[in-house]
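Here is how the chains run, residue by residue.
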Amino acid sequence: MSLLLENVRKSYREPDGHMLPILDIPRFELASAEQVVLVGSSGGGKSTLLNVIAGISTPDSGSVTIDGYDITTMIEAARDRFRAQRIGYVFQTFNLLQAFSALENVLLGMSFSGRPVDRPHAVELLTRVGLGHRLSHRPSQLSVGEQQRVAVARALANRPTLLLADEPTANVDVANQETILRLIRDACRENKVSLLMVTHSADIASQFDRQVNLSEFNRVGAGA
Amino acid sequence: MNLVTIALKSIRQRGLASSLTALSVALGVMLMVTVLVIHGIVTDVFSQRSIGYDLIVGPKGSDLQLVLSTVFRVAPAIETLPYQYYLDLQNDRRVELAIPFAFGDFTEQGGFPIVGTVDEFFLNEYAPKQEFQIRGKRLSRPFDAIIGSQVARENRWDIGSEFKLVHGGAESDHVHDEKFTVVAVLAPTGTANDRTVFIQLEGFYQIAGHEQNLIQSIKRQREFYGQSLDEKEIAKEAEELTKKFHLDEPHDHGHGDGHAHHPHSHGTPVVQKRVSAVLLRMKSGPTSIALSTELKRGLQAQAVNPIIPMARLMNTFVGNIQKVLVVLTALIILVSGVGIFVSIYNSMSDRRREIAVMRALGAGRQTVFSIILLESILLCVGGGLLGVLLGHGLVFVAAPFVEAQTDLVINPLRFERLELILLPALIGLASLVGFVPGMTAYRTDVARALVE
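Residue numbers (our numbering), protein chains in the order written: chain A, 1 to 224; chain B, 1001 to 1452.
These aren't lab readings, by the way, just hints derived from the structure by calculation.
One should not assume that every hint holds.
Claimed, not checked - Under 8 Å between C-beta atoms, here's a sample of chain A residues computed to sit facing chain B:
| no. | residue |
| --- | --- |
| 1 | Ala99 |
| 2 | Glu104 |
| 3 | Leu108 |
| 4 | Phe112 |
| 5 | Val212 |
If you're wondering where the values come from, they're calculated on a predicted model, not measured in any experiment.
Virtual Cβ for every residue (Gly too), placed ideally from N, Cα, C.
Looking at chain A on its own, in the form it has when it is part of the complex (with noise of 0.2 Å):
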């Protein structure tokens, strides 16, 4: 199994003071190398639940295990590394970092793990993401689609078990939509990764085997 969630509960302190629950998941999980999609209202809490799978976010209560690793446990550096090594995280907004070239970005992935910097292997993967002539491009000079591209293969670059993407698509134009979906689920589908995706389009949560809605499994529910 790679990621297993038992009696997860996250709670914000709202201005006021009160906490305001945004998930209690009494189980979830993830089997190896299976791909996922997630969907669910706007504000249902599905990014805070990608947070906490990554180990952005800490769970107020229950565990995270991922490849039979408890991050709720561990230390926070601890749980940094972890995340570098063992999970991609594919952003709506891309967050590609604008100083640094498509090459760079994928580069920079990489020198957060503790590993070697792999050079090769980040020019291979924008080369298999189509962009092995624009290795040195800022992102301001690639199009929205290409810049997505590049967060997809910084997202693999240190071969993680387990790709976290939240709604990739959703700012890529139609055309670009199917070719993004069609390079994470295969790069995926080649490297044995688990794969969460979060999405709001039901065309793209059709082409999944395993839908999932978040409603379903967090008992805040639509309350959220």
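Guided by the hints, dock chain B onto chain A, whose structure is given.
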């Protein structure tokens, strides 16, 4: 990709702001380097490096006055030493070199000090490892003169120029009749030698008015050595000297230059000769101390290691001003440091997302803190190194002009040891100003920053 590369990329991303902040540090450091170099040059002027002798022997009195008169030639000495004592010192086994020094007149034009000395003075180093460079002939005739570079420039004198002396000071109206001829010009030395006219000691004694009353001279010399002041003995000695040197036969004589002078053709008796000071180079350090101690107890003279009063002089006149300048430039660098702080701190709000992305990619809090700190250090050190280059560049470019105007000798590649602390100081400053922005990065709420 290491942290330095990441920091450099971020700096380059904010090119204009980064360049301006680094430039402000560079200008501060440039000023600091310039002040330090000037400080070094002025310190040299007031240090042992401006005189190549271990001791200055002069009449008892103020050691500072002796130094001011002998090294800086500010005012002629009031008291003098018997020439015989110079000869004694020359024969002293502890002494490697003794140079007589007679300063009492100034040039009529420009009021430059005139020093009577011996040709050997020019054969020896005027400062450690610094030898005179002379254009022209050496002193051979009594009324030959060698002039310093400043004298040559300001009076527009060159080899062949003739001049007269004013007794006791430029403001005095007693102009000696003797005309001296410039036979050589010294290259700039950055010392008082540049504004000095050197004449032969023998010529100095042949100037009318420099002769001493024989009886008085004998009496003064006897006093100096603590010998009998019996008037009969003094009169007898005077009579013998008068006969020996034909001092009672007045006659004019030429010097080959057509000038008439007072009667000294048979030479001046040693007893009538006086010197302002004697410059000594000793065979060893301990002998300097021994001679100083000996003089303190015995004769009417003092032996001064010039470095001590010169250091005192330096502290009195320029020490505090230079300290203020150094402090001011340090403050300028500090203000530049605040500039770096403001620049980085202001950029932090724009960079929250960038930092959050790095954190999401696995960068630890310490990593993002280090990146921000490194940016600060790179800006400070980069600006600092540029400032060092600019400072030395400024000295390099300005050196010939300053030398031409002041006769200070400036090594364009001069490097002050104090500059070595600039780099660690800048790193310290950068760490200080980078700390707060670094902590902002450290505390960034990743989840929140990613959705902003």
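The hints, checked one at a time:
no. : hint   : verdict
1   : Ala99  : holds (4 Å)
2   : Glu104 : holds (7 Å)
3   : Leu108 : holds (6 Å)
4   : Phe112 : holds (4 Å)
5   : Val212 : violated (22 Å)
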